[in-house]
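A.B. asks: When we follow our numbering, the leftmost residue of the sequence shown carries the number 149, and every step to the right adds one.
No wet-lab data here; the hints were simulated from the structure.
There may be inaccurate statements among the hints.
[To be verified] Below, in silico cross-link-like pairs of lysine-lysine (BS3-like), each with a Cα-Cα straight-line distance of 30 Å or less: (1) 167 x 153; (2) 166 x 179; (3) 166 x 218; (4) 158 x 218; (5) 167 x 218; (6) 153 x 179; (7) 166 x 153; (8) 179 x 167; (9) 179 x 158.
Values in this document were obtained by computation on a predicted structure and should not be read as measured data.
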Amino acid sequence: MAELKCLVFKNDDLEFLKKQYPGIYGLLGSKLADYDGSHQVWRSGSEDEYRELWNRFTYEIASATDSSGKISDDGLRLRHMWDQA
149 MAELKCLVFK
159 NDDLEFLKKQ
169 YPGIYGLLGS
179 KLADYDGSHQ
189 VWRSGSEDEY
199 RELWNRFTYE
209 IASATDSSGK
219 ISDDGLRLRH
229 MWDQA
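Working from the sequences, and respecting the hints, build out all of it.
C.D. replies: Structure below.
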């Protein structure tokens with residue numbers, strides 16, 4: 149049986165995702181549940197769901213990086229969200 153993965157996101161970060169990265173938010177949206185009023189928890193139903201979310205975050209972070217390796221503020225926020233989740 150696959151291991152269930154849980155990620156916790158701040159509500160402010162979810163609003164940022166909804167506006168700036170609707171593709172990521174779409175992967176999260178239907179599986180979010182209130183955690184403590186200021187955070188939402190996402191629970192994967194399968195390893196494939198978790199991997200798809202990880203791939204999408206990774207893709208968007210890479211896309212936010214220029215040819216010199218400098219990452220944009222949005223990319224830094226995405227990376228921080230993933231690291232904290």
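A.B. asks: Looking back at the numbered hints, which does the structure fail to meet, lowest number first?
C.D. replies: Every hint satisfied by this model.
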